[in-house]
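Undergrad: Below are the chains, spelled out letter by letter.
2 protein chains.
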Amino acid sequence: MTVERSAPPTISEVAAEAGVGRATAARTLGGYGYVSPELRSRVLAAAERLGYRANALARSMSTGVSHTLGVIVADIGNPFFAGVVRGISDASRARGFDTIVLSTHESLDEEIAAMHVLIDKQVDGIVVASAALGPKTSAHIAEAWSRGIPVVLVDRAVPGLELDAVVIDNREAAREAVTALIAAGHRRVGFVWGPPIAGRPDRRRDLVDAAARNLWTDGERLRGYLDALDDAGLPFDADLVMVGEKTEERAIAEVERMLGLDDRVTALFCTETDAVTGALRAIRATGFRVPADVSLIGFDDSSWAAVMEPPLTMIEQPMLALGTRAAEVLLALIDGAPRSQPDGAFRHTLDTRLVERSSVAPPSA
Amino acid sequence: MTVERSAPPTISEVAAEAGVGRATAARTLGGYGYVSPELRSRVLAAAERLGYRANALARSMSTGVSHTLGVIVADIGNPFFAGVVRGISDASRARGFDTIVLSTHESLDEEIAAMHVLIDKQVDGIVVASAALGPKTSAHIAEAWSRGIPVVLVDRAVPGLELDAVVIDNREAAREAVTALIAAGHRRVGFVWGPPIAGRPDRRRDLVDAAARNLWTDGERLRGYLDALDDAGLPFDADLVMVGEKTEERAIAEVERMLGLDDRVTALFCTETDAVTGALRAIRATGFRVPADVSLIGFDDSSWAAVMEPPLTMIEQPMLALGTRAAEVLLALIDGAPRSQPDGAFRHTLDTRLVERSSVAPPSA
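Protein chains in written order, with this note's numbering: chain R, 1 to 365; chain D, 1 to 365.
Be aware that one or more of the hints could be misleading.
Put simply, identical chains are the same to the list, so a pair is met inside one copy or across any two.
[What the hints assert, rightly or not] 20 Å max Cα-Cα, derived SDA-like pairs, lysine to any residue:
no., residue 1, residue 2
1, K136, E106
2, K136, P9
3, K136, L161
4, K136, L215
5, K136, T10
No lab work stands behind these hints: they were computed from the structure.
The shape of chain R in the complex, shown without the other chains (with noise of 0.2 Å):
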């Protein structure tokens, strides 16, 4: 008996049309566990008469390509790499690729087995923000890369790797913003978060090294943030530096302790919308008021910041663009281009925009 029928045949299909159970045929077409010689011969001409297709699976094994793109982000529930993945997603569907998408919640580890996994599920490539600081740590995407599996950088550059990197200049970003605060005529600016360690360095140089051993953005930011200081001639004091685990609940504590210095910070620069958040309810706890009493400018503009009061000057992030030219470059790369210029300085740097609204203002006398 042949059967009309538009949608594929299940395995439950081909086991009645066999006369044999599901577990049978599901052995049988999943080619493992035992099923008797007599049984699996009719499984197979049961499936060959519902016309049962092997899985995409089966077929990627037969020929080489899933139309799959993996991506590896630090954290899914930060709505910048939310943003970054509805990026990357689009612009492979438009190419007819489906994208799936593993979270590392910043752990170096994590984003091993994820590449791992991803490597045997058999993507066509990986776009990933890594937490890997340099070659040493990059095991993993080499070894993609010798699989024939194309990976592209996406946020976070690793330095030393031979690799295309879509990114923002997160130092340049930093600087307009710190300048901007120091045009106003700030000259106490706090930087809100910096490296999550637990003593507080003196040294500016052993804090950027401290910040950038922990994440590549991390870094660079604040390396911005000195620059500003620097370009305008303003001394780098440490106690403006935000130390210690990257939370609210942190931020908050150490801007209620800036505030509560001698020589009060009357700016804060936030690299993260967290550390927007902790700053904005140190602010309020300690009484003060934004912008007459502090200013502020953040990272990564949401539709919240323009709604706050005052709706708040922020550092736009150019999210769906970034996975998109990170989606674009990794196609480029499955359908054979070379890859990134042998100097490993190879990168695809994307614009951000400082969106000015309210929450800058002159220091109060």
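Based on these hints, arrange chain D on the given structure of chain R.
TA: Here is chain D on its own, set in the frame of chain R:
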């Protein structure tokens, strides 16, 4: 020659060991394309000497367990779903399962495609926030089951489908919020957002049907709004329900319209984050203030809502717990537990919480 090493050998290393090109080794080990019998046997011998392992994809085809869960959500950029995914991922990692995520942009067609990707990638189970509205549109979910892959619904039940669904009581949460607004003295409460339809039906039944046809949660939240009006003996007025596309821009236009009515709204109930920010923009644009002129309660609490001026009263959904519970139910099904009761009414309902802050006050005179 055998090589002492800890990292698994790559295809390139097998090729070098066999003295063949990488493409030849890849074709042989991947089982695709033509390779001469002589080269094939050299590659296979080299692979055996180096201990090259067939990839996990091939392994999962022979063992039937890939230790991977699949998650399908409507919009990975929505912080609510990001929280749910985080909960699923934490709970499944604790059991040694990786989680891969696909986002469907609220499209049933994309959900169906995503389901097939996950079936093809041989995940062991699937959690889906489905756009399906009943058994007629959920054949893809049944197909996963028929292939031996358990499915658990999260956030959205599918009426008539006999499946475990981990949800909140949307109707009750909405009723509680609107009742709080009415208890503060409001008689003209706007509902943002309503069904995404072009015209504005006068009959409440038509509005509810339109909302429920769009999304299960939409229908439930509108019913809760109507329950609260009924409880208080307040009349239903179709003019106080937003219609049209569910975007921040449309919410701005609809709230401005409601604020411009002769008998204007004095309170708003907003069912999603972008509805809240749209309402706040409209309130500001028309010169009104929260809560002096307009009270507001929103769905999906966030750290932003707490730092608004005034801090916003919000319904807090247990995002992480929804994800954790969904993963637990799914892992139990994978372990062989029976699925939901055959009446199809078996739901795991988690509690919401009305977080009272400062955006609700009595109506102005």
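Undergrad: For this structure, which hints from the list above don't hold up?
TA: none
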